[in-house]
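Protein chains in written order, with the numbering used here: chain A, 5 to 128; chain B, 48 to 495.
Calculated directly from the structure, the hints in this document are not laboratory data.
Remember, predicted model here, so these are calculated numbers, not experimental data.
Even for Gly, the Cβ is constructed at its ideal location relative to N, Cα and C.
Where hints are given, some of them may not hold.
Stated by the list, open to error - A few chain B positions that, by computed beta-carbon distances, are all more than 12 Å from chain A:
no., residue
1, Val126
2, Tyr154
3, Glu190
4, Glu211
5, Ala215
6, His260
7, Asn267
8, Glu282
9, Ala297
10, Ile298
11, His352
12, Phe361
13, Ala363
14, His372
15, Pro411
What the hints assert, rightly or not - In silico lysine-lysine, DSBU-like type, Cα no more than 35 Å apart, as pairs:
no., chain 1, residue 1, chain 2, residue 2
16, B, Lys64, B, Lys247
17, B, Lys314, A, Lys123
18, B, Lys427, A, Lys100
19, B, Lys427, A, Lys75
20, B, Lys402, A, Lys75
21, A, Lys100, B, Lys401
22, B, Lys366, A, Lys17
23, A, Lys75, B, Lys64
24, B, Lys400, B, Lys357
25, A, Lys100, A, Lys75
Spelled out from the first residue to the last, the chains are:
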Amino acid sequence: MKILVVDDEEDVKPLFLQRFRKEIKSGAVTFEFALSGEVALQYIEAHHSEVVLILSDINMPGMSGLELLSKIRHDYDNPPPIVMMITAYGDDENRKQSMELGADDFLTKPLDFKTLKEKLHITG
Amino acid sequence: MTAENIIVIALIGYIRKRTKSKDEIPEMDKVLLGLFFLSIGLLVIDAIFVSEAFTRWFMFLIVSGVIYLVYQNEELKLVRTVTYSIIPFYIVSIISSAVKLISSDLYDIIDNYIQTAHLLALLWIFAMMYQNNKQVKAEKKAEQLRLIELDKQRILEGKKEQLEYQVAERTQEIMQQKEELQVALSELRATQTQLIHHEKMASLGELTAGIAHEIQNPLNFVNNFSEVSIELLDEMETEIAGNNLEEVIAISQDIKQNLAKIAQHGKRADAIVKGMLQHSRSSSGTKEPADINAIADEYLRLSYHGLRAKDKSFNALFKTDFDPHIGLINMVAQDVGRVLLNLFNNGFYSVDKKKKDHPEGYSPELSVSTKKTDEGVLIKVRDNGYGISQEALEKIYQPFFTTKPTGEGTGLGLSMSYDIITKGHRGTITVDNKEGEYAEFQITIPFQ
Numbered sequence: 005m006k007i008l009v010v011d012d013e014e015d016v017k018p019l020f021l022q023r024f025r026k027e028i029k030s031g032a033v034t035f036e037f038a039l040s041g042e043v044a045l046q047y048i049e050a051h052h053s054e055v056v057l058i059l060s061d062i063n064m065p066g067m068s069g070l071e072l073l074s075k076i077r078h079d080y081d082n083p084p085p086i087v088m089m090i091t092a093y094g095d096d097e098n099r100k101q102s103m104e105l106g107a108d109d110f111l112t113k114p115l116d117f118k119t120l121k122e123k124l125h126i127t128g
Numbered sequence: 048m049t050a051e052n053i054i055v056i057a058l059i060g061y062i063r064k065r066t067k068s069k070d071e072i073p074e075m076d077k078v079l080l081g082l083f084f085l086s087i088g089l090l091v092i093d094a095i096f097v098s099e100a101f102t103r104w105f106m107f108l109i110v111s112g113v114i115y116l117v118y119q120n121e122e123l124k125l126v127r128t129v130t131y132s133i134i135p136f137y138i139v140s141i142i143s144s145a146v147k148l149i150s151s152d153l154y155d156i157i158d159n160y161i162q163t164a165h166l167l168a169l170l171w172i173f174a175m176m177y178q179n180n181k182q183v184k185a186e187k188k189a190e191q192l193r194l195i196e197l198d199k200q201r202i203l204e205g206k207k208e209q210l211e212y213q214v215a216e217r218t219q220e221i222m223q224q225k226e227e228l229q230v231a232l233s234e235l236r237a238t239q240t241q242l243i244h245h246e247k248m249a250s251l252g253e254l255t256a257g258i259a260h261e262i263q264n265p266l267n268f269v270n271n272f273s274e275v276s277i278e279l280l281d282e283m284e285t286e287i288a289g290n291n292l293e294e295v296i297a298i299s300q301d302i303k304q305n306l307a308k309i310a311q312h313g314k315r316a317d318a319i320v321k322g323m324l325q326h327s328r329s330s331s332g333t334k335e336p337a338d339i340n341a342i343a344d345e346y347l348r349l350s351y352h353g354l355r356a357k358d359k360s361f362n363a364l365f366k367t368d369f370d371p372h373i374g375l376i377n378m379v380a381q382d383v384g385r386v387l388l389n390l391f392n393n394g395f396y397s398v399d400k401k402k403k404d405h406p407e408g409y410s411p412e413l414s415v416s417t418k419k420t421d422e423g424v425l426i427k428v429r430d431n432g433y434g435i436s437q438e439a440l441e442k443i444y445q446p447f448f449t450t451k452p453t454g455e456g457t458g459l460g461l462s463m464s465y466d467i468i469t470k471g472h473r474g475t476i477t478v479d480n481k482e483g484e485y486a487e488f489q490i491t492i493p494f495q
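This is chain A alone, in the form it adopts within the complex (with noise of 0.2 Å):
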């Protein structure tokens, strides 16, 4: 399964890659990671039956999480990819709003990496 994380901080990479270790050896798993917006959308198109999961933060500089999102649901229609947001304010509006534009999942800050791979169905 290719997961691509959305993030404009830069160590969600290792992050990522160490806490899902144990996945990614078994090959349970495959990570992409884009630093924007724009950088994800250029790849979806580049890699589109590819991914299967995106991860995306909300509050990124130019385009942002639900700009993506919204993108996404609108052009990007057979088969839609799972897309589970997240952000640092784990607050309502955010969450309705996500819900609205299409999100499957809404995942808040600091991510609790256990919950996320009970999400995924996935175990080492």
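We have chain A; now place chain B onto it with these hints.
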């Protein structure tokens, strides 16, 4: 001989009256009065006994005495003209008396001449008296003029005094006003200090949300990296038990990397907290070497996330172009940070407003660049928002001038920024602007 007597009596009377000797020179007056009564006495004796020769020569003595007195005393200067005018008459009288004494025949012969001479001498007296009278009148007139002049002067002096009084009164009023103004000024200064404090606190409030976000991110990394490191250590133990040395080394390298990340993000949070404290603290005003790029980057993030936190719909692209060769520059870091925060907040505010007015086809953008120059550093903050109108452009550095709705801006941001850059750092702050298109603030800070 009565004419000579009467003349001398009249003369003494005139002298006493003219010189006001009774009041002015009483000593002299006694002498004059004595001579006066003596002359009257002689006139009476002359009338009763007709002893001409005796009274005549005595008479001449009195006249000589009077003339001598007038000649000798400065107090009697006034009457000299009139007094001397009788001299020719008496000389004629003396000559005629002397001739009579020597020879009556000769006297008879020259009697006519003597009478003529007497007449002429008398005329001379009148002429002199007339002349004197004229002079006295002229003197009186001059005296009158002098009195009028004096009067005028007195009036003028009165007016002058009045004016001086008025001036003093006005001066006092002005002094009082000055004192009142000084009180008002010191009150205004106190208010200004308070307002500056408010402005600082207000911008701190705006910062808080940004700071929360900025601290939350590194804290998440600290927590996550330490958690994952614990997991890694568990794995490592397993690998050690399985004697898989290669894997052990790989894991240990990951742990090392994680610890470095923990330290890095810990420092990041630390720097943010320090920056916040610095912002709220009153400026110490001491310049210390500081990294302008780091300051600009930090405040840019704080501004962005602060606005994001306040308004979820806010978004903008920000670009940085930092010159890595600047090095450290002497400056009051928190003051310069405040200036930049202000410019960023203003820029973001402007692009956000434009974005809300034109949701389609407009991409809000703010860029920051630094560049080392020969004199110091040039910082540019550019946004593609609405720019500044021509009317507003003249006032942007004025305290309390704001284009924001009431309650949203204090109008002190740019005014404080201007003071900090120009007065605090001897730098310049200028704006390149096109209304409706963009605004670019350019700041120079010279090497101190």
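Evaluation of the provided hints:
no.: 1; hint: Val126; verdict: holds, 120 Å
no.: 2; hint: Tyr154; verdict: holds, 151 Å
no.: 3; hint: Glu190; verdict: holds, 104 Å
no.: 4; hint: Glu211; verdict: holds, 76 Å
no.: 5; hint: Ala215; verdict: holds, 71 Å
no.: 6; hint: His260; verdict: violated, 6 Å
no.: 7; hint: Asn267; verdict: violated, 4 Å
no.: 8; hint: Glu282; verdict: violated, 8 Å
no.: 9; hint: Ala297; verdict: violated, 10 Å
no.: 10; hint: Ile298; verdict: violated, 9 Å
no.: 11; hint: His352; verdict: violated, 7 Å
no.: 12; hint: Phe361; verdict: violated, 9 Å
no.: 13; hint: Ala363; verdict: violated, 7 Å
no.: 14; hint: His372; verdict: holds, 24 Å
no.: 15; hint: Pro411; verdict: violated, 10 Å
no.: 16; hint: B:Lys64 with B:Lys247; verdict: violated, 98 Å
no.: 17; hint: B:Lys314 with A:Lys123; verdict: holds, 33 Å
no.: 18; hint: B:Lys427 with A:Lys100; verdict: violated, 39 Å
no.: 19; hint: B:Lys427 with A:Lys75; verdict: holds, 33 Å
no.: 20; hint: B:Lys402 with A:Lys75; verdict: holds, 18 Å
no.: 21; hint: A:Lys100 with B:Lys401; verdict: holds, 26 Å
no.: 22; hint: B:Lys366 with A:Lys17; verdict: holds, 22 Å
no.: 23; hint: A:Lys75 with B:Lys64; verdict: violated, 132 Å
no.: 24; hint: B:Lys400 with B:Lys357; verdict: holds, 14 Å
no.: 25; hint: A:Lys100 with A:Lys75; verdict: holds, 17 Å
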